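Given only the sequences and the hints, what does the whole structure look like? Please build it.
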Amino acid sequence: MHGGTVAQGRAGVANVDAPSTTAPRRIGDGAFAVVLTLPGFALLIAVVLYPLVSALVTAFFEQSLVVPGREFVGLENLRAVLEDDFWQIFRQTFVFTLGSTLIPFVVGFGLALALNTGLRGQRFFRGIFLVPWLVPGVVVSFLWMWIFNANYGVANGLLEGLGIIDEPHAWLAEPGTAMAAVIIAKTWASFPWMMVMLLAGLQTVPPELHEAAEMDGAGTIRRFFSVTLPHLKGIVGLVLLLEFIWNFQHFDIIYVLTGGGPAGTTQTFATSVYETAFRGFDLGRAGALGLLWMVILLLLVVVYVRFSERGEER
Amino acid sequence: MSTVTSTRPADSVTTDPAPANRRRRRSPRARRGPRVSAWVAVVVFGAFALLPVYWLLATSLSPQDQVFSYPPSIFPSDITFEHYADLADNPDLFRYLVNSVVVSVVTAVLSVLVSAYMGYSFSKFRYRGRRSLMYLVLSSQMFPQALLLVTLYAVFSAYGLLNSYAALILSFTTFTLPLCVWMLKGFFDTIPDELIESARVDGASRLRIIHSIVMPLSAPGLVAAGLFAFVRGWNDFIFALTLAGPDKQTLPPGLVNTYVGEAQTAWPQLMAASLVVSLPVVIGFIVLQRYLVGGLTAGAVKG
Amino acid sequence: MSTTYSRRRLLQLMGLGAGAVGFGGLAACAPSADGNDTSGGSSSTPTSGGAAQDFGFASWSLSEEAPKPVIEGLISSFEGDAGISISPVTYPYNEYLNQLTLQVRGGQFSGAAQVDVAWLGALAALGKLTDLGSFADGRGYTDAALQAGQYDGTQFGLPWTIGAIGLVTNTELMQQAGITAAPTTIEDFEATLRALKGLGDNIIPYAASTKVAQLKDILIWMQTFGSPLVEDGTVTIGDEASIEAVAWYKKLYDEGLIAPDVDRFDARALFSQGRAAIYDDAIVGKSAVVGESPDPDFASKLDPISRPVVQSGDDPRALFWGHAIVVVDGDGSGTAAEFAQWLTSDEATTVGFFEDLGLPPTTQAALDSGAVTGDAFTAAFSERVTATATVNPFWQYPQYAQMESAVAEQVQAVLVGSSSPADAMAAAGEAVQALI
Chain A
0 MHGGTVAQGR AGVANVDAPS TTAPRRIGDG AFAVVLTLPG FALLIAVVLY PLVSALVTAF
60 FEQSLVVPGR EFVGLENLRA VLEDDFWQIF RQTFVFTLGS TLIPFVVGFG LALALNTGLR
120 GQRFFRGIFL VPWLVPGVVV SFLWMWIFNA NYGVANGLLE GLGIIDEPHA WLAEPGTAMA
180 AVIIAKTWAS FPWMMVMLLA GLQTVPPELH EAAEMDGAGT IRRFFSVTLP HLKGIVGLVL
240 LLEFIWNFQH FDIIYVLTGG GPAGTTQTFA TSVYETAFRG FDLGRAGALG LLWMVILLLL
300 VVVYVRFSER GEER
Chain B
0 MSTVTSTRPA DSVTTDPAPA NRRRRRSPRA RRGPRVSAWV AVVVFGAFAL LPVYWLLATS
60 LSPQDQVFSY PPSIFPSDIT FEHYADLADN PDLFRYLVNS VVVSVVTAVL SVLVSAYMGY
120 SFSKFRYRGR RSLMYLVLSS QMFPQALLLV TLYAVFSAYG LLNSYAALIL SFTTFTLPLC
180 VWMLKGFFDT IPDELIESAR VDGASRLRII HSIVMPLSAP GLVAAGLFAF VRGWNDFIFA
240 LTLAGPDKQT LPPGLVNTYV GEAQTAWPQL MAASLVVSLP VVIGFIVLQR YLVGGLTAGA
300 VKG
Chain C
0 MSTTYSRRRL LQLMGLGAGA VGFGGLAACA PSADGNDTSG GSSSTPTSGG AAQDFGFASW
60 SLSEEAPKPV IEGLISSFEG DAGISISPVT YPYNEYLNQL TLQVRGGQFS GAAQVDVAWL
120 GALAALGKLT DLGSFADGRG YTDAALQAGQ YDGTQFGLPW TIGAIGLVTN TELMQQAGIT
180 AAPTTIEDFE ATLRALKGLG DNIIPYAAST KVAQLKDILI WMQTFGSPLV EDGTVTIGDE
240 ASIEAVAWYK KLYDEGLIAP DVDRFDARAL FSQGRAAIYD DAIVGKSAVV GESPDPDFAS
300 KLDPISRPVV QSGDDPRALF WGHAIVVVDG DGSGTAAEFA QWLTSDEATT VGFFEDLGLP
360 PTTQAALDSG AVTGDAFTAA FSERVTATAT VNPFWQYPQY AQMESAVAEQ VQAVLVGSSS
420 PADAMAAAGE AVQALI
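First to last, the protein sequences are chains A, B and C. Under numbering that gives the first Met the number 0, the letters of the first sequence match residues 0 to 313, in that order. Under numbering that gives the first Met the number 0, the letters of the second sequence match residues 0 to 302, in that order. Under numbering that gives the first Met the number 0, the letters of the third sequence match residues 0 to 435, in that order.
Note that these hints are calculated values from the structure, not bench results. Some clues are possibly wrong.
[Said to hold, decoys possible] Think about it this way: if two alpha-carbon atoms lie no more than 20 Å apart in a straight line, the pair counts; the simulated EDC-like pairs of lysine to aspartate or glutamate are:
1) C:K250 / A:E207
2) C:K196 / A:D165
3) C:K67 / B:D85
4) C:K300 / C:E171
5) C:K67 / B:E196
6) C:K300 / B:D64
7) C:K67 / B:D88
8) C:K67 / C:E94
9) C:K249 / C:D422
10) C:K249 / C:E239
11) C:K67 / C:D115
12) A:K232 / A:E207
13) C:K67 / B:E193
14) C:K249 / A:E173
15) C:K196 / A:E166
16) C:K249 / C:D200
17) C:K196 / C:D231
18) C:K196 / C:E186
The structure presented is a predicted model; accordingly, all values stated were derived computationally and were not measured.
Laid out in structure tokens, this is it:
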């Protein structure tokens, strides 16, 4: 999917006008190529595919984690899930996923651009900014829970001290702010890796291009859009795509911070599946949620592939 | 997909273009405007990045009876190291740290190896269904992992792999495959086919080509991919909790287990422990970060 | 408040608790299976026939700072006496039930396991728990405690510590607000909260649970207002009393008499700082609260009170709380059962456990000991709270946790203003009924 756009990456830069060779290369036989992928696929089948299929099958059964045995119920679980708060969860999942993909992207990109200007102490900052990424995941959750706490959190203390708010807010307990708080915490944990990826991408932009554009009278902003951004298309696409996928199934931070509350306003598919299976012990219903989740994602993938193929043809 | 045949000499692949880049930027013509906005960005985002770390530190230094005061004292007046001293009484923490390091390192190595084979196959061979397979690998990241737990538990149980490092390492390796495969494929794309062809002509076996030509050439990319895989293993909570068993428990569940109890959360102790156990990894990454950025720059970021 | 209670009175009260449990609706109080191979009296070595075997012991307390060394000590003393080894298994409290369930389900665990009495239904449904009836006989457990370990008439758990969740007050703040007598009716209680609110903005009069994880605390208030919750298999949430209870909670919330974003941990933290005057807790919370408080004399300011009632003269409501030990069938389960029996009923062991951790024992002999009867807080708690404790009627269903969270979510919707009490309770009642 990125290949097409990415191909113009470095190799392309060496000689911008060089025609791409699209003829298939054959350095070895197909059998060897397939053998190389086997260890990876073996893992994927054992650890993802098989458990996934067996979990999705439970969507059609009444099955509990604690009561042995199961009973076929057809589409009953799916119906129950759809009639319940499915669409609310669907919406919230997208809000969370988009928010925690785009905001860390902006922060990470901003930092990458800043560090790429050859700032004094660039290396030092680059190292320091990695710290949030390396604090063990659950600690990130607890740290933000601690910061946002309504009754003794430092967020309230700081904002009140600065006169920004008049009274303490229950950031994690008010429907209006809970999702934002969760996204902030997630942003904190994931901007560093985006920064690293984008910084690496920025360093592949040949300075000649900037100089040429500057000579043509392009300002900083114009050069960003006409030189930097097109050059980074591949890496930007990859970073956004991966982050989107990860956030779609992100669990830890939401689970610890709000547990899906208040009043279900931060519940996403991932937390909902976990709650249903491990708190409610209802494997059938968790399977049904998972099945619907997959259908949605498959639709997204189809749209994405179509879209990226069209881009490639152009 | 990437179909550009690179004709650049192989040695340039591993050259970090950053120094050249930076030198140019520091030319006298360096503009003041961007420099100022760069500093503004670093300070603003830097505050966002570092204030929570500061608060982690401040909390870990507060006496137990002051951590819940409000308004919180931004600069703790009484500093105590007792929570750090307490860590020494908890030998389990060290065990969790060792487990975490073992699991994350082995995950990183295994993941790089498996992904390198797969990425090489996707990069240098053309066969039917290749593209679909690549998407399949990528989409395996999208599934609800919480849903996998119940069956995965049974699978590992059946093979007697529960309560061992193996269950965790195999799971994490699988979860990091998509990112690593895509990163490494991008990297391999920049290795000229001619190089591989000529090695074949010289009589090198196909596996030997991978191990002694392709992989060394891609070393920075392998390190970068490995570091990402490391972090995945380092951060996971729910799989580690479920699959590792008491002896092989890693830090995230270990920390929760130790400090988040039935009756209270031991905030300052939790913070102190988190800082101490993160320290070696942070230092390691600061040392290795030039590979991280350099390795990515040299090709891996091409996706 | 340091009134001392006569031992006789105390025992009477514990007996009262027993009656209340049956009323609560757990299990039909079936007699325990007749004992055949158990020993009377207290002995610290395995007594049934056959060689002792190794087994696992699952306990969340094993990873917590305070109880850890105490329980490790008990384990090694049993190991030494029986000449076996016990492998500890531990998970964080919040994840404990589902992790234990996975282990038991997958046949990965056999031995003894600490459980919250609320979980018996869920674990028993797995069909792998040992009937401990014969181990319970003749050990002097109180009836109330024994019943807490029963599910569907079978003694699946041996009670380790039994108490209740009740209201705990900070006497210093109460006095500052000019409150001399504990409020007995809801009306008094509200007036008390308003008086406490007058102490300053920073004071949360009642740190009631408002986070979804602990909002199940509201069930006891629904019962206080007169809703039975479940009656003959029919869920009564949605009735007048439950709506009234939620509307009342909402009123306290809106007036700032209870605070948002509070769970049990937060409540303890706030209470320990003198920022909350009243909160809900079991006896187990006392040590946490005292430890976190900057006030070295804080322990003497804790005073449990009976939950207020609608009509004065009604029995105050309290929710049963406790830990039991169950035994999961498999290798070493016989020895594990003896361990459970020794841990929960050996007099020296249980009295020592109380002295170390303040957790009330479950046998008459231990309750009669000077250590227990001499503890003013425990005595007051027993008289005012535990005496009228009942189990939560949801506990008889394996999916009780889901029921509680269905209610909690609806209550939270009311608190944040996205639903009305009547609509929310109707929805909650329906959701819970669907789970039965």
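- [ ] Starting from K196 of chain C, check that the Cα of D231 of chain C is at most 20 Å away, please.
- [x] violated (41 Å)
Open item on the list: Checking one constraint from the list: CA of K67 of chain C to CA of D88 of chain B, max 20 Å. Satisfied?
Closed with: At roughly 12 Å apart (the allowed maximum being 20 Å), D88 of chain B and K67 of chain C satisfy the hint.
Open item on the list: For K232 of chain A and E207 of chain A, compute the direct alpha-carbon distance and say whether it is at most 20 Å.
Closed with: OK: K232 of chain A and E207 of chain A at ~18 Å, within 20 Å.
Open item on the list: Checking one constraint from the list: CA of K196 of chain C to CA of E166 of chain A, max 20 Å. Satisfied?
Closed with: holds (16 Å)
Task: Proposed proximity, E193 of chain B with K67 of chain C (alpha carbon, max 20 Å) - done: Violated - the C-alpha atoms of E193 of chain B and K67 of chain C are around 65 Å apart, more than 20 Å.
Task: Restraint status (C-alpha distance of K249 of chain C to E239 of chain C at most 20 Å) - done: Within the cut-off at roughly 15 Å; holds.
Task: Distance restraint between K67 of chain C and E94 of chain C, which requires alpha-carbon spacing of 20 Å or less - done: holds (18 Å)
Open item on the list: Does D165 of chain A sit within 20 Å of K196 of chain C, going by the straight-line distance between their CA atoms?
Closed with: holds (18 Å)
Task: 20 Å Cα cutoff - pair K300 of chain C, E171 of chain C - done: OK: K300 of chain C and E171 of chain C at ~6 Å, within 20 Å.
Open item on the list: Between the alpha carbons of K300 of chain C and D64 of chain B, is the straight-line distance 20 Å or under?
Closed with: Roughly 16 Å between the alpha carbons, so the hint for K300 of chain C and D64 of chain B holds.
Task: Hint consistency between K67 of chain C and E196 of chain B [alpha-carbon to alpha-carbon, up to 20 Å] - done: With a Cα-Cα distance of about 64 Å, the restraint between K67 of chain C and E196 of chain B is violated, given a limit of 20 Å.
Open item on the list: Check whether the Cα positions of K249 of chain C and D200 of chain C lie no farther apart than 20 Å.
Closed with: holds (19 Å)
In terms of the numbered hints stated before, the structure departs from hints 1, 5, 13 and 17, listed from lowest to highest.
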